[in-house]
Structures are given as C-alpha cells and as structure tokens.
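In the order they appear, the protein sequences are chains L and V. Residue numbering for the first sequence follows the working numbering, starting at 1 and increasing by one per position. Residue numbering for the second sequence follows the working numbering, starting at 1 and increasing by one per position.
Just so you know, the hints here were simulated from the structure itself, not pulled from any lab data. Heads up, a few of these hints could be off.
Under the rule of at most 30 Å between Cα atoms (straight-line distance), these lysine-lysine pairs were calculated in the DSBU-like manner [claimed, not checked]: (1) Lys429/L x Lys338/L; (2) Lys94/V x Lys112/V; (3) Lys122/L x Lys139/V; (4) Lys63/V x Lys112/V; (5) Lys139/V x Lys112/V; (6) Lys122/L x Lys117/V; (7) Lys122/L x Lys29/V; (8) Lys94/V x Lys122/L; (9) Lys94/V x Lys429/L; (10) Lys94/V x Lys193/V; (11) Lys332/L x Lys94/V; (12) Lys193/V x Lys429/L; (13) Lys193/V x Lys12/V; (14) Lys239/V x Lys17/V; (15) Lys198/V x Lys112/V; (16) Lys193/V x Lys29/V; (17) Lys12/V x Lys63/V; (18) Lys30/V x Lys94/V; (19) Lys430/L x Lys415/L; (20) Lys29/V x Lys239/V; (21) Lys429/L x Lys412/L; (22) Lys12/V x Lys29/V; (23) Lys122/L x Lys12/V; (24) Lys94/V x Lys415/L; (25) Lys332/L x Lys412/L; (26) Lys139/V x Lys430/L; (27) Lys376/L x Lys299/L; (28) Lys430/L x Lys198/V; (29) Lys72/V x Lys239/V; (30) Lys332/L x Lys193/V; (31) Lys412/L x Lys338/L; (32) Lys122/L x Lys17/V; (33) Lys139/V x Lys429/L.
This structure is a prediction, so every number in the text was calculated from the model and none was measured.
Below, each chain spelled out in residue letters.
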Amino acid sequence: MNSMMKPIHFKPLNGVRIVVWSAFALILVLLPAIFNSSFAMTLLCFTGIAVIACLSYNMLLGQTGMLSFGHAVYTGLGSFVAVHAMNQIVAGWYLPMWLVPLVGGFAGLFFGVLFGYVTTRKSGTPFAMITLGIGELVFAAALMFPWFFGGEAGINSNRTAGKEMWVNFGLSFGPQIQVYYLIAVYVFFCTVAMYAFTLTPLGRIANAVRDNPERAEFVGYDTRLVRFLVLMASSFFAGIAGGLSSLNIEAANAELLHAIRSGSYLLFVFLGGAIFFFGPILGAVLLVFSLFMLSEFTKAWQLYIGILFLIMVIYAPGGFSSLIMLNLRRVKYGEWRKMRWPYTWMFLFGLIALWGFASIVEMAYQIQVAAGSGSKLTVMTIPLDAASTTSWVIAVIVLIAGGVAFEYWRRKFAKVWSDGEERIADAIKKAEAAIV
Amino acid sequence: MSNFALELTGVKKSFGKTEIIRGVDLQVKKGERIAVIGPNGAGKSTLFNLVSGRFAPSSGSIKLHGEEIVGKAPFEINRRGLARSFQITNIFPKLSVFENLRCAGLFSSGQKYSFWKPLSALESFNDRTEDLMASIELKRRRDVPAGSLTYSEQRALEIGITIAGGGDVVLLDEPTAGMSHSETDRFVELIRKVTEGKTLLTVEHDMGVVFGLADRIAVLVYGEIIAFDTPEVVRADPKVKEAYLGAVLEAEDAA
Numbered sequence: 001m002n003s004m005m006k007p008i009h010f011k012p013l014n015g016v017r018i019v020v021w022s023a024f025a026l027i028l029v030l031l032p033a034i035f036n037s038s039f040a041m042t043l044l045c046f047t048g049i050a051v052i053a054c055l056s057y058n059m060l061l062g063q064t065g066m067l068s069f070g071h072a073v074y075t076g077l078g079s080f081v082a083v084h085a086m087n088q089i090v091a092g093w094y095l096p097m098w099l100v101p102l103v104g105g106f107a108g109l110f111f112g113v114l115f116g117y118v119t120t121r122k123s124g125t126p127f128a129m130i131t132l133g134i135g136e137l138v139f140a141a142a143l144m145f146p147w148f149f150g151g152e153a154g155i156n157s158n159r160t161a162g163k164e165m166w167v168n169f170g171l172s173f174g175p176q177i178q179v180y181y182l183i184a185v186y187v188f189f190c191t192v193a194m195y196a197f198t199l200t201p202l203g204r205i206a207n208a209v210r211d212n213p214e215r216a217e218f219v220g221y222d223t224r225l226v227r228f229l230v231l232m233a234s235s236f237f238a239g240i241a242g243g244l245s246s247l248n249i250e251a252a253n254a255e256l257l258h259a260i261r262s263g264s265y266l267l268f269v270f271l272g273g274a275i276f277f278f279g280p281i282l283g284a285v286l287l288v289f290s291l292f293m294l295s296e297f298t299k300a301w302q303l304y305i306g307i308l309f310l311i312m313v314i315y316a317p318g319g320f321s322s323l324i325m326l327n328l329r330r331v332k333y334g335e336w337r338k339m340r341w342p343y344t345w346m347f348l349f350g351l352i353a354l355w356g357f358a359s360i361v362e363m364a365y366q367i368q369v370a371a372g373s374g375s376k377l378t379v380m381t382i383p384l385d386a387a388s389t390t391s392w393v394i395a396v397i398v399l400i401a402g403g404v405a406f407e408y409w410r411r412k413f414a415k416v417w418s419d420g421e422e423r424i425a426d427a428i429k430k431a432e433a434a435i436v
Numbered sequence: 001m002s003n004f005a006l007e008l009t010g011v012k013k014s015f016g017k018t019e020i021i022r023g024v025d026l027q028v029k030k031g032e033r034i035a036v037i038g039p040n041g042a043g044k045s046t047l048f049n050l051v052s053g054r055f056a057p058s059s060g061s062i063k064l065h066g067e068e069i070v071g072k073a074p075f076e077i078n079r080r081g082l083a084r085s086f087q088i089t090n091i092f093p094k095l096s097v098f099e100n101l102r103c104a105g106l107f108s109s110g111q112k113y114s115f116w117k118p119l120s121a122l123e124s125f126n127d128r129t130e131d132l133m134a135s136i137e138l139k140r141r142r143d144v145p146a147g148s149l150t151y152s153e154q155r156a157l158e159i160g161i162t163i164a165g166g167g168d169v170v171l172l173d174e175p176t177a178g179m180s181h182s183e184t185d186r187f188v189e190l191i192r193k194v195t196e197g198k199t200l201l202t203v204e205h206d207m208g209v210v211f212g213l214a215d216r217i218a219v220l221v222y223g224e225i226i227a228f229d230t231p232e233v234v235r236a237d238p239k240v241k242e243a244y245l246g247a248v249l250e251a252e253d254a255a
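My request is simple: use the sequences and hints to build the entire structure.
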C-alpha cells in the first residue's frame with residue numbers, strides 16, 4: 001500500500017463517552033445532596049464499595065468466563081490488611097488515611113498472585129471447585145490465627161487516626177460525608193480503570209478466552225497466563241473495595257471472608273448482568289438494597305431474592321442490564337411504542353399476582369417463625385390475618401387471578417416482541433446491503 | 001537452517017491400543033502447497049492435531065523450520081509460525097467478526113498481553129485487520145457476533161482467524177467441508193489468494209479442489225503415507241488407485 005492510499009484517521013473526541021462519564025461523576029457528587037439522611041448516607045457508602053467489588057468480580061465472570069466461588073477472599077483479606085494498616089496509623093505510622101484502600105488493593109493483588117497461581121491453572125468447573133476450596137481454606141485460617149484475624153470478634157480500628165498530618169488536607173474522616181466522598185473518588189477512578197481495561201489487548205483477549213479458550217491457544221495465547229493476569233487485576237480492585245470497607249466500618253471480621261459473601265457477589269453480579277460492563281453496578285445497588293432495605297420489610301427476603309434469581313437464570317440470563325439494552329435497541333428501531341400497553345398490563349397484573357404470592361409467604365412465615373407476635377400482619381399496606389381462612393382464600397384468589405391475567409398479557413407481549421424482532425432483522429439486513 | 005518448512009520423521013500416535021498414525025515421514029518445502037487426502041478414518045485430522053500441538057505424538061519427531069516442536073504447547077507452536085484452521089468451525093462466537101480477526105492477530109502484532117494502551121491506538125494493526133476482513137469478504141458483517149454468521153461466512157472467518165497471525169505454515173483442515181459447488185469454487189480462489197507465498201497443508205475431500213490447489217499430494221491410508229508426489233504421478237499410482245482414489249474418481253465420473 002503506498003502512502004497515498006493510507007486510510008486517514010480522524011478521531012473526534014468521543015462525545016458519548018465524555019457525556020456518560022461526566023454524568024457518572026455528577027451523580028456521585030450529587031447523591032448525598034438528594035439522599036441526606038444518615039441511613040441513606042450509610043447505604044450510599046456500602047453501595048459504592050459494592051460497586052467496586054462487583055465490577056472486579058465481573059472481570060472474572062463476565063469478561064473472562066471464570067466462575068469464582070471465592071471472591072470474598074480478596075475483598076476480605078484486603079479488608080484485614082487495611083485494618084492493620086489503620087491500626088499502624090493509630091500507632092504512629094506516617095500514612096494518610098485516604099491511602100488505606102490502596103493498601104487493601106495491594107494486599108488483594110498479593111493474595112491474587114499467591115492463590116491465583118494455583119486456581120488459574122485450571123479453567124471451567126475445576127477452576128470453580130478450586131476457588132471454593134481456597135475460600136474454605138482462608139475462612140478456616142481466619143479462625144485459626146486470631147492474632148491477625150481477631151477471632152470471632154474481628155479487629156477494630158479508628159479511621160480518624162493521623163488526621164493532623166498535613167497530607168490529609170484537614171480531612172479527619174470523622175463525618176460520614178467525608179468517607180462518602182473518599183469512596184466516591186475511588187469508585188470513579190476504579191470504574192474508569194476497569195472500563196479502560198476492557199479496551200486493551202489483554203482485556204479483549206480475556207473475552208476471546210471466555211468464548212473459546214482452545215482457539216485462543218491456537219492464535220498464540222497462553223490461556224492460563226491470561227486467566228492469571230486477569231485474576232491479579234481483579235483481586236487488586238477487590239482489595240481496594242475491601243480497604244474502603246475497613247475505613248468505612250472501622251473494623252474487619254471473619255464474616256467478610258465467608259463463602260456466603262462470595263456467593264452474593266456471584267448472585268448479584270448475575271442479577272445485574274455479566275454481559276455488559278455496567279451490569280455489576282446495577283447488581284451492587286440491588287445487593288445493598290436487598291441486604292439493608294428488603295430485609296427491613298420482610299424476614300423472607302432471601303426467599304424472594306432466590307426466586308428472582310431463579311426466574312432470571314431461566315428467562316433473562318443476561319440480567320437486568322441486558323433487559324435494559326434489549327429495550328433500548330427497540331427504542332432505536334422505533335419499536336418501543338407497540339410494547340407500551342403490554343408492558344403496562346404485565347406490570348400491573350404482575351404486581352397483583354406478586355401481592356397474592358407475598359401474602360401467602362408472609363402469612364406462612366407469621367405462623368411458622370413469628371407466631372409469638374400474633375397472627376396479624378400487613379402486606380404492601382393491606383392488613384391480613386394469618387389465622388383467618390378469609391385472608392388465605394383472598395390471597396390465593398388474587399394470586400391465581402393476577403397470574404392468569406399476567407400470563408394472558410405475557411403471551412400478547414411475546415407476539416409483539418417477536419414481530420418486532422423480525423422487523424429489526426430486516427432493517428439490519430437492509431443496512432448491511434448498503435455497505436460496499 | 002533446514003530447507004524444509006515442516007519435517008515429520010517416524011511420527012506415531014496411539015489412542016490406547018489403537019494405533020492411528022503408524023509411522024509418518026513427510027518433508028514439506030517452503031512455499032509448497034500440499035494436499036493430504038485419504039479415506040475416512042485414515043488419520044488426516046489426527047496428523048494435523050499432532051503437528052499443531054493439540055495432541056502429543058507417541059513417538060517420532062516434528063520439526064518446524066528445522067526446530068523440534070514435539071512437546072510444545074499449541075500457543076508456542078503458533079508463535080513459531082504455524083497456524084491452523086479446524087474442520088469443525090472454531091471461532092469466538094460472542095465477539096464480532098472484526099474482534100475475532102483482531103484477537104487472532106494480536107499476539108503476533110507484538111501486543112501480547114499488554115494492558116497499558118487501548119486497542120484503538122493500534123492504528124496500523126487495525127487497518128491491516130480491516131484489510132484482512134475485506135479480503136475474506138466479511139466487511140459488511142463487521143460488527144455482527146461471529147456466532148450468528150451463516151455457515152459459509154463462518155468458514156471464511158475460520159480461514160481469516162487462521163491467517164490473521166501471519167503464520168507462514170498454514171494447516172487447513174477440510175476448509176470447504178459442507179459447502180455447495182459454487183461456494184467451493186469461490187472459496188478455493190479465496191484460499192489461494194490469502195495463502196499466497198505461504199507453505200500450505202490442507203486436508204480435502206473434494207478432488208477438484210485437491211488437483212487444482214496442490215503442488216504435491218500426500219495420500220494417507222490407515223495411518224501411513226502410501227504416496228507423496230505431484231498430482232499426475234499420484235493419480236497414476238496403482239497403489240493409490242487400489243487403496244482410495246480409484247473409488248473416489250469413479251464416483252466423481254459417475255456423478
């Protein structure tokens with residue numbers, strides 16, 4: 001190709017990307033102004049930390065196809081090393097408190113190198129099994145070495161230590177709002193960094209290894225090394241989330257390392273969606289919402305989350321983020337209007353059926369678990385009595401009626417959806433034919 | 001440095017007690033086009049799997065550009081300049097056509113495992129990938145996930161992935177399998193074009209393709225090479241006729 005024929009590269013600043021990241025930063029800045037109660041502030045801090053943890057988990061699950069059952073090892077060990085660093089600051093180390101999350105990050109990276117060397121030797125199911133084993137091992141070790149892990153009680157610290165250092169710029173991290181903004185800064189930069197990672201050669205090869213590890217080997221890639229490198233990066237960010245958690249709650253305990261926590265990263269990243277980059281952010285919001293809000297409404301919250309998980313695995317394996325993207329695609333091709341009414345009716349009858357279902361679950365809980373507090377309860381503001389037959393009959397009738405109406409509209413919706421799919425396929429074909 | 005691009009000496013492969021490859025000697029000169037033919041179950045695909053490192057041979061030596069490659073992993077063999085395609089399409093199904101080709105060429109472009117620069121900054125590499133995509137006639141399917149391409153488009157992508165890394169020894173395992181006659185003709189032209197100047201080994205059943213494409217033909221029957229010569233000589237060889245070709249050519253004449 002001679003120099004005259006070289007394609008000319010004209011790279012305008014990527015407008016969409018700038019708008020999206022600015023909006024993200026703006027939201028992080030403005031959230032405390034909108035949700036300003038102390039409870040809301042607590043939730044925001046936990047959510048920010050969960051966002052980093054879930055995004056780091058998805059580097060494994062969604063981007064490299066590594067199903068890990070032991071991600072809490074890296075967030076948790078990051079927390080422990082960070083809490084010890086905080087106690088060293090209390091004891092006089094000259095380290096600004098806002099660098100503690102990075103200490104957690106490097107701890108995560110260290111353990112990522114250590115354990116990842118073992119776990120990433122295998123892929124697929126053996127990898128999942130080994131991560132489960134490492135998770136159990138680390139949790140057991142946490143109870144064996146109380147001098148480091150603090151036994152059952154864990155280790156406490158004080159985030160206001162070292163506030164007199166000039167590098168803290170007068171920040172004491174006493175008020176929660178200061179902690180929030182520190183978390184927000186970390187969330188922003190970690191999210192940018194993890195997104196940027198997806199655009200690099202290693203990030204793309206990770207996708208190739210996810211899709212077809214065998215072929216990746218035949219185009220020159222050592223897939224074990226790819227998995228190892230991605231796991232290191234992932235555990236670094238997981239460690240940062242762990243460090244932020246120590247700073248936020250001024251403590252670390254063995255619960256942070258437990259398999260239940262690893263499981264919830266998997267569950268909520270899946271619910272948010274592992275296909276799209278922003279899916280785990282939705283997952284993190286859902287995680288904190290379920291853990292702190294849903295559990296206030298109902299004792300049976302895990303049952304609802306379990307059922308939701310089941311439904312999503314079967315009907316929407318791409319999670320909420322892919323549902324959003326599928327609908328945005330409809331909007332793009334002008335198909336959205338046709339779906340408004342089916343959606344409205346599905347939502348309405350779905351809600352009614354949900355009320356019937358929730359009433360049955362809640363009344364059963366009231367009798368079986370909370371019998372001491374009487375048989376009266378309310379479900380979505382409607383009063384019920386678990387001891388009265390009428391309440392049960394009403395709940396069952398509402399569930400069936402709502403369910404039937406929902407199913408009727410779901411079928412109509414399915415028809416509208418598949419018709420739209422055909423029209424979109426035609427439109428794409430036409431567009432392709434126009435490319436020379 | 002050896003004159004041979006690929007040199008197999010006494011290569012054997014057994015699965016359990018069954019001997020699939022029973023002592024293959026094969027010397028392929030640089031820039032030669034070799035077709036490997038033989039009846040079903042003769043071990044053609046196994047031979048390719050041994051050369052590309054998918055399986056290790058039970059005994060024998062395989063040299064690529066004079067260097068022993070037995071015992072090396074597929075990615076190490078690939079980095080030494082050997083690229084292969086698969087009989088059953090083996091692509092990255094969720095990645096777009098463009099990303100498939102980009103991933104396939106990324107290592108040899110020198111990027112390896114880098115994560116400190118974006119892919120979009122690799123301008124000349126991206127341009128080369130676009131050119132390759134145009135040459136395998138998939139330009140208009142650039143952003144479609146490879147998994148939703150048609151069968152013949154996937155076969156073209158399979159070839160594209162194979163040659164994207166710039167390997168100078170190319171192994172194609174039944175590239176035209178499952179294609180119609182008109183598709184096959186176009187496809188053979190495509191293969192000829194994109195493997196220009198490379199050493200090519202191909203497993204093929206379509207005799208039209210074999211005689212049109214190959215400088216020399218290796219006939220593999222029950223794990224042994226019974227003939228290895230120019231198409232004319234192989235066609236006239238009574239041993240080959242008896243073992244394999246006679247039946248195939250008769251069938252083609254009848255059709």
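Holds or violated: Lys94/V with Lys122/L, Cα cutoff 30 Å?
Given that 30 Å is the threshold and the Cα spacing comes to 22 Å, the pair holds.
Taken at face value, is the distance from the CA of Lys338/L to the CA of Lys412/L at most 30 Å?
Since the Cα atoms of Lys412/L and Lys338/L sit roughly 11 Å apart, the hinted pair holds (cutoff 30 Å).
Take the C-alpha atoms of Lys122/L and Lys139/V, compute the straight-line distance between them, and say whether it is at most 30 Å.
violated (36 Å)
Proposed proximity, Lys94/V with Lys332/L (alpha carbon, max 30 Å):
holds (22 Å)
Can the restraint linking Lys30/V and Lys94/V be considered satisfied, given a maximum Cα separation of 30 Å?
violated (36 Å)
Hinted pair, alpha-carbon criterion (30 Å max): Lys12/V, Lys63/V. Please report holds or violated.
holds (14 Å)
Taking only the CA atoms, is the gap from Lys94/V to Lys415/L under or equal to 30 Å?
The hint holds at about 26 Å.
Given the hinted pair Lys332/L and Lys193/V, is their alpha-carbon gap at most 30 Å?
Outside the cut-off at roughly 40 Å; violated.
Between the alpha carbons of Lys430/L and Lys198/V, is the straight-line distance 30 Å or under?
violated (38 Å)
Verify the proposed pairing of Lys122/L with Lys12/V, using a straight-line Cα cut of 30 Å.
holds (29 Å)
Restraint status (C-alpha distance of Lys193/V to Lys29/V at most 30 Å):
holds (19 Å)
Satisfaction of hint between Lys112/V and Lys198/V, Cα-Cα up to 30 Å
holds (23 Å)
Figure legend: structure checked against the earlier numbered hints; hints not met, in rising order: 3, 7, 13, 18, 28, 29 and 30.
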